[in-house]
Amino acid sequence: MTVPQPSRSIFIYTLVSTLIFGLLIWVGAESRPSVSRLLLAGLGALLCAGLLPKILHQFIDRFGRHPASAAIDSPQPSANALNLTIESTPSQGEIYLDQAQALILVLDHEGRVEYLNQYGYRLLGYPQESLTGREWLKLCVPASEHKPVLEALEAYHKRNQLTPLAVEHPVLTAEGKLRLIAWNCRSVALPDGCRQLLCSGLDVTENRRTQNSLEKLSCAVEQSSTSVLIFDRQGRIEYVNPAFSLMSGYNADEVIGRKPRFLESPDTERKTLLDLRATILRGENWQGEICYRRKDGQHFWVRARISPIKDEQGHIDHYVSVTEDITDARKHQMQIERMAFQDPLTQLPNRRGFHQQLQQMLEECDEQQQTLILYSINLDHFKRINDSLGHNAGDQLLCRTAKMLKKEITGQDLLGRLSSDEFLLALRNVNHDQATQFGKRINRLLRQPLTSIGGDSRRESGLMTASIGIASFPEHARDTNELIKCADLAMQNVKQHDRNGYRFFSARMKEALEADLFLERELQRALQNDEFELYYQPQVDLQLGCVSGLEALLRWKHPQRGLIAPDTFISVAERSGLIIPLGQLVLRKACRSYQILDLLGLGHLRIAINLSALQFRDPLFPRTFQQIMTEHQVNPAQIELELTESMLMTNIEEAIMILDQLKQLGATLAIDDFGTGYSSLSYLKRLPVDIIKVDRAFVKDIPDNENDMEITAAVIAMAHKLKRKVVAEGVETLMQEQFLRDNDCDYLQGYRYSPPLPESELTSQIARIDLELGNSSGNGRCIQLEFDS
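Taking this note's numbering, the leading residue of the sequence shown gets 5, the next gets one more, and so forth.
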């Protein structure tokens with residue numbers, strides 16, 4: 005670029021001035037001053053004061069001019085040689101411009117590049133001097149920007165040109181990429197009358213990208229439904245978004261500069277707040293649930309995440325809190341927990357809720373070295389009250405009992421309802437004598453006349469009483485489950501004796517409990533090792549005179565103790581829940597036995613198995629029964645399911661529903677031990693059962709006991725009226741057989757015909773019984789089998 009020597013100073017001055025104006029914009033955009041920025045600011049002040057031209061002229065006279073330029077004032081041999089020397093040697097000012105971290109551009113009046121510094125070439129990716137003389141607009145400005153750039157220049161030329169033109173537009177690099185440049189331009193008139201446009205530009209691509217991101221973030225925070233607070237390092241609020249104001253009721257002006265203690269509610273545990281502060285002071289994130297207080301005094305719960313913000317040196321500078329209102333969700337969760345941990349009838353903790361709270365009480369008592377007394381309270385004959393007065397009356401009785409017990413305890417005690425008629429009550433820090441007196445008082449309190457409940461037409465005379473078992477922590481047990489078992493065992497001991505009383509857990513009961521636990525572990529091992537087998541007792545058909553069925557009776561073949569009868573272990577299996585897998589084992593073994601009998605021509609025999617209450621109430625049992633029948637390809641009608649009267653009467657409606665499901669699957673159903681419970685004819689006729697079994701208690705004294713004979717005859721007649729078959733258990737004598745035959749009993753079972761036998765002895769015994777009955781009855785309808793000797 006050729007510049008006449010007198011204008012070189014003007015050219016360099018103008019370029020430097022323009023550069024300073026551009027850099028001043030950049031300085032103003034930053035928040036942290038430095039020495040170089042302060043220097044630029046000072047240069048800007050000198051420029052605005054009109055002092056910079058003089059200083060620059062002095063600077064150029066001293067440093068910026070080539071030695072040859074000093075010779076203008078003195079004669080020289082050749083003017084052309086002088087100009088050549090000046091043109092070929094860059095001035096000190098041009099060197100400074102090339103080193104500037106800004107794009108310095110000079111355009112002639114036709115928009116061609118007269119000068120571009122080295123930084124400009126590096127930024128655009130072009131070789132040095134390759135743009136000189138070329139049209140800047142067409143080469144380096146996107147076509148979409150041509151019009152707005154030309155319009156801005158035209159407007160600039162029309163107005164006062166003393167003020168620089170400040171514009172922002174993208175430029176194209178040699179690779180075709182866009183860079184956003186913030187320009188500061190000034191039109192300069194040269195001595196020869198030509199005008200040039202001097203521009204300084206800063207690459208603000210990244211700055212604008214960051215700025216846009218920050219603006220989006222700021223907009224998102226402002227419009228977010230989540231509350232956002234920013235605190236300084238001392239914990240004073242510096243910023244809140246509109247969501248916070250909507251959530252808390254406080255405007256930003258009311259909270260900025262304050263510490264957030266005014267928001268805290270006493271519902272937040274102190275240890276939670278201490279943990280919060282300790283965590284964020286360590287520079288770690290904290291999250292949890294806090295209860296805040298609105299401006300109107302109402303409390304609300306938030307889920308908060310509080311994070312420290314660190315500066316470049318890693319020091320905590322601010323804190324940001326993001327909170328979400330979870331009041332409704334927490335209320336819903338509390339409602340779910342109430343349903344899961346609370347009895348809906350009495351509003352007391354249920355088994356799960358009581359267990360959880362008792363665990364906490366035991367931990368506190370252990371730390372404070374206090375005692376705890378646990379009462380297991382069971383209402384006597386509650387089932388009879390339910391059956392005679394109805395379930396509504398039973399519910400009234402339970403609610404009344406809960407209300408009476410609540411009045412006897414304080415806030416530090418605990419009361420819960422575990423099952424239909426069982427309550428648990430825990431008292432803290434009482435001695436043995438106080439526990440005894442409280443047990444007496446509860447026993448007297450619950451002894452209430454039953455005339456106060458039920459409808460007028462169905463009043464029940466008598467008293468409601470309770471059996472109470474008492475256990476002490478830590479004397480009897482230190483574990484929650486063990487303590488409940490001890491109290492329950494003491495209560496069962498009361499029921500086994502005289503009911504209507506109370507009893508402390510004793511060492512003897514503990515020995516029995518330990519024996520039960522040992523037996524439970526033994527049962528688990530026996531199930532794994534398949535130590536159980538079935539014995540079968542034949543049932544005979546009096547009309548056909550032959551064996552028509554078998555009752556499967558479980559035996560435990562213990563490796564050390566030998567054969568163990570079910571009376572020894574069934575109760576433990578029921579309490580531990582092992583009765584479910586044990587019942588499935590019995591069902592499978594019975595099906596395998598039937599398959600063998602069927603192969604031997606005895607497929608007409610039914611096999612009866614006993615169901616436990618827990619097994620019968622298992623919602624998966626009907627499906628399990630069907631799967632096992634299908635798995636062994638056994639007709640469900642050949643498997644007779646026996647249920648006790650008491651099992652069915654506990655909840656008659658539920659029992660009928662389960663029986664209907666089993667009946668639809670094809671099973672044969674029987675009521676075992678009939679006459680020992682409290683069933684009524686109205687319920688009996690609704691039960692979809694096929695067979696009624698008269699309990700052995702009514703058969704064993706025939707013919708000596710006339711009452712038993714009348715009851716047995718009446719049961720047979722009633723069952724036949726209801727179109728049910730009858731099985732009499734415990735038949736041992738010919739006179740008993742003859743009485744039952746005379747009263748048209750359908751089937752007989754007992755030692756008169758055979759004791760329970762293992763499967764290996766069964767076929768020969770069936771053949772013997774059939775032969776004897778066939779000869780005595782005189783009919784030939786029994787199937788005669790011959791076996792190899």
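Rather than coming from a laboratory, the hints here were simulated on the basis of the structure.
Any given hint might turn out to be false.
Claimed, not checked - With beta-carbon atoms standing in for the labels, derived distance ranges:
hint	residue 1	residue 2	range
1	Cys403	Phe266	42 to 52 angstroms
2	Cys403	Arg565	30 to 40 angstroms
3	Gln532	Pro762	14 to 24 angstroms
4	Gly318	Phe266	50 to 60 angstroms
5	Arg579	Thr634	29 to 39 angstroms
6	His636	Arg565	48 to 58 angstroms
7	Asn711	Arg404	30 to 40 angstroms
8	Gln532	Pro348	15 to 25 angstroms
9	Gln227	Gly292	17 to 27 angstroms
10	Leu738	Asn711	47 to 57 angstroms
11	Arg565	Arg274	38 to 48 angstroms
Glycine included, every Cβ here is placed at the ideal spot set by N, Cα and C.
Results of checking the hints against the structure:
A hinted range of 42 to 52 angstroms for the beta carbons of Cys403 and Phe266 is consistent with their spacing of about 45 angstroms. Between Cys403 and Arg565 the C-beta distance comes to about 48 angstroms, which lies outside the given range of 30 to 40 angstroms. Look at Gln532 against Pro762: about 22 angstroms separates their beta carbons, and that is inside 14 to 24 angstroms. In this structure the supplied range 50 to 60 angstroms is violated for Gly318 paired with Phe266, their Cβ-Cβ distance being about 31 angstroms.
The hinted range of 29 to 39 angstroms is satisfied by Arg579 and Thr634, whose Cβ atoms lie roughly 31 angstroms apart. Taking 48 to 58 angstroms as the suggested C-beta distance range, the pair His636 and Arg565 does not conform, at roughly 31 angstroms. In this structure the hint that Asn711 and Arg404 lie 30 to 40 angstroms apart at CB holds, the actual value being about 38 angstroms. The hinted window of 15 to 25 angstroms between Gln532 and Pro348 is violated, with their beta carbons roughly 40 angstroms apart.
For the pair Gln227 and Gly292, the supplied restraint of 17 to 27 angstroms holds, since their beta-carbon distance comes to about 26 angstroms. In this structure the hint that Leu738 and Asn711 lie 47 to 57 angstroms apart at CB is violated, the actual value being about 22 angstroms. At roughly 59 angstroms, the beta carbons of Arg565 and Arg274 sit outside the given window of 38 to 48 angstroms.
Violated hints for the displayed structure, listed by number in ascending order: 2, 4, 6, 8, 10 and 11.
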